[in-house]
Amino acid sequence: MVNPVHPAPVHRCGVHGVPEIIINKVVMKELDIWYGKIHALKSLNMNIFKNEILGIIGPANSGKTSFLRQLNRLNDLELNYKAIGEVLLDDKDIQSINPEVLRRRVGMIFALPQVLPISIYDNIAYGPRMHGTKDRKRLDAIVEETLNASFLWDEVKDRLLESATKLSGGQQQRLCISRTLALDPEIILFDEPCSGLDPISTAKVEESMLKLKEKCTIVLVTNNTKQAARVSDRTAFFLMGELIEIDTTEKIFTAPSDKRTEGYILGKFG
Amino acid sequence: MKTTTKQKIAFAILFLCTVIVVLPVLFVLAVVIKNGWPAINWEFLTTMPRNNMKAGGIYPAIMGTIYLVSLSTLFSLPIGLFAAIYLNEYAEENMLTRLIRLAIVNLAGVSSVVYGLFGLVMFVTFLKFGVSILSGALTLAIMNLPVIITASVEALASVPYSFREVSRSLGASRWQTIRHSVLPFAIPGILTGAILSLARAAGETAPILFTVAAFYLPNLPHSVFDQAMALPYHLYIISTQIPGIPQQMRYATALVLVGIVFSMNIFAVIIRSKFRKKKKW
Ligand SMILES: Nc1ncnc2c1ncn2[C@@H]1O[C@H](COP(=O)(O)OP(=O)(O)OP(=O)(O)O)[C@@H](O)[C@H]1O
Ligand SMILES: [Mg+2]
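One line per chain: the protein sequences are A and B, in this order. Counted from 1, the first sequence has number 30 at position 30 by the working numbering; the numbering is strictly sequential. Counted from 1, the second sequence has number 120 at position 120 by the working numbering; the numbering is strictly sequential.
Misleading hints may appear alongside valid ones.
As the list claims (entries may be wrong) - Derived pair list, reagent style DSSO-like, types lysine-lysine, alpha-carbon separation capped at 30 Å: (1) A:Lys226 - A:Lys211; (2) B:Lys277 - A:Lys166; (3) A:Lys92 - A:Lys215; (4) A:Lys92 - A:Lys42; (5) A:Lys137 - A:Lys215; (6) A:Lys50 - A:Lys211; (7) A:Lys157 - B:Lys274; (8) A:Lys92 - A:Lys29; (9) A:Lys166 - B:Lys274; (10) B:Lys277 - A:Lys157; (11) A:Lys50 - A:Lys259; (12) A:Lys226 - A:Lys42.
Hints listed in this document are in silico derivations from the structure and should not be mistaken for laboratory results. Keep in mind the model is a prediction, meaning the values are calculated, not measured.
All chains should be modelled from the sequences, with the hints used to inform the complete structure.
Structure follows, in structure tokens:
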């Protein structure tokens, strides 16, 4: 489907670089987040482009997870949470979007693979079912399609009805990706998705991310700067709740404009 | 002293303690079974008492206890479950909810005769249900509620928070999350708690003493507004109030009561162990 006004961005063979046609998918204006007395994000202004992979790096407690959880309003579940400022998704304030609808559009992958102790099939069908898809054929199709997208289909196609907890950590994380994809999200938030995985599983997850960016926008929080360098188009550096710098990945890793960014990348803190 | 010797001694002490706990139970069981078993037969279980309860069966008492336990479950399980869901999943942590929790824990420890008196005032007199199965079942339900709520809250709280987070992140509503990602994993724990509390209800005399129990009825009850006989009270009567009852009949009645309570407990244990095997998180 080609939109004449905004043609789909060209997918590049190389990884780095922003899409040719820049559309702001998410815009944050003067965003501040508190958890009780902790000021987790401080007057954040930044954009996320459509169809890019935006890497977020930064030491522990710099507000990366808080940032992600703001985008799908998962922060709303916290007790002492407060936010001011605006987050616009396709130019619409996310506070005006029903959170259940929003979370369907903005999917999330957690740091540890969070499969539910139900079957592989039911894990993936969970989201669609909650939104009213009952048709078995439709669900079958979703399960197969999304397992293919996370390169898991061949490994599990004969045991879809077995408990998802029997899968290995890497398989579980890819199952979580499938589960999120089952809702056909526009944005996918990855929160250190490979922190518990071996290099081969990590490579598979990264591969699926690169494929996904043709269709979605991806925000990848990672503790592993090398991973950001490998897969993200642009990279943002967070420190103690502040956005220090955001630029193309190449620029951030070769010629950062802030000393602190350089220090972090060279491993001076974090 | 060698570590292995120490370990052996520690093990021996622990084993001894276990034996001390279990022995009296086994002893009671042995006495009840030895004296009661010979008197148990089909007639004893399925016929009305005869000859001033000195002969015949205990059928109405068994049925009365079954009625009471089932009806009280009908009240206490849904109410207890929903209260637990509210407390664990919806209520904010504040002074009031903390007070409610404290009250529930304390109510679970209140002596059963207090519930009996409450039932007498509340259901028999004030609500004018009279001395009836309804009053007795409601009294037992009230007595069981704190236990069911406590067990259910525990079962709900033992479901990892991440399940809820995952479910919400997939766009499920709060209720959908509870229904599909919390309850299914808490149900076995809830059932175990419920069955244990039912077993207690089946065995208690005090709560039914003023609210439902009849000394002797020639017929089975026709409606919830009738009185009923019940096993624990029947046992109390034939043991203390009527002279000349064959010893065997008392033990046999006790054996039936113990048997009912015991099989309910074992049922709960089976559910729990099945669940443990399946639980993997
Ligand atoms: N639910 C919460 N309640 C209270 N404080 C929180 C909560 N979530 C985050 N914080 C606090 O907010 C700050 C930022 O945390 P956040 O989890 O966003 O950091 P992070 O960059 O993701 O760190 P990490 O790399 O360790 O995951 C920290 O000081 C943290 O303690
Ligand atoms: Mg984090």
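Pairwise hint evaluation, Lys166 of chain A against Lys277 of chain B, where the allowed Cα distance is 30 Å at most | holds (14 Å)
Keeping to a limit of 30 Å between CA atoms, is the pair of Lys137 of chain A and Lys215 of chain A held or broken?
-> holds (23 Å)
30 Å Cα cutoff - pair Lys226 of chain A, Lys42 of chain A = Holds, at roughly 26 Å.
Is the straight-line distance between the alpha-carbon of Lys277 of chain B and that of Lys157 of chain A 30 Å or less?
-> holds (25 Å)
When you check the alpha-carbon spacing of Lys92 of chain A and Lys42 of chain A, does it fall within 30 Å?
-> Holds - the C-alpha atoms of Lys42 of chain A and Lys92 of chain A are around 22 Å apart, at most 30 Å.
Is the Cα-Cα distance between Lys157 of chain A and Lys274 of chain B 30 Å or less?
-> Holds, at about 28 Å.
Would the pair Lys50 of chain A and Lys259 of chain A pass a check requiring their Cα atoms to be no farther apart than 30 Å?
-> holds (29 Å)
Is Lys92 of chain A within 30 Å of Lys29 of chain A, Cα to Cα?
-> Holds, because 12 Å separates the two Cα atoms, which is no more than 30 Å.
With a cut-off of 30 Å on the C-alpha distance, tell me whether Lys226 of chain A and Lys211 of chain A pass.
-> With a Cα-Cα distance of about 19 Å, the restraint between Lys226 of chain A and Lys211 of chain A holds, given a limit of 30 Å.
Does Lys166 of chain A pair with Lys274 of chain B here, judged by a C-alpha cut-off of 30 Å?
-> holds (18 Å)
Starting from Lys50 of chain A, check that the Cα of Lys211 of chain A is at most 30 Å away, please.
-> Holds, at roughly 14 Å.
Restraint status (C-alpha distance of Lys92 of chain A to Lys215 of chain A at most 30 Å) | holds (20 Å)
Comparing the model with each earlier hint shows no violations; every hint is respected.
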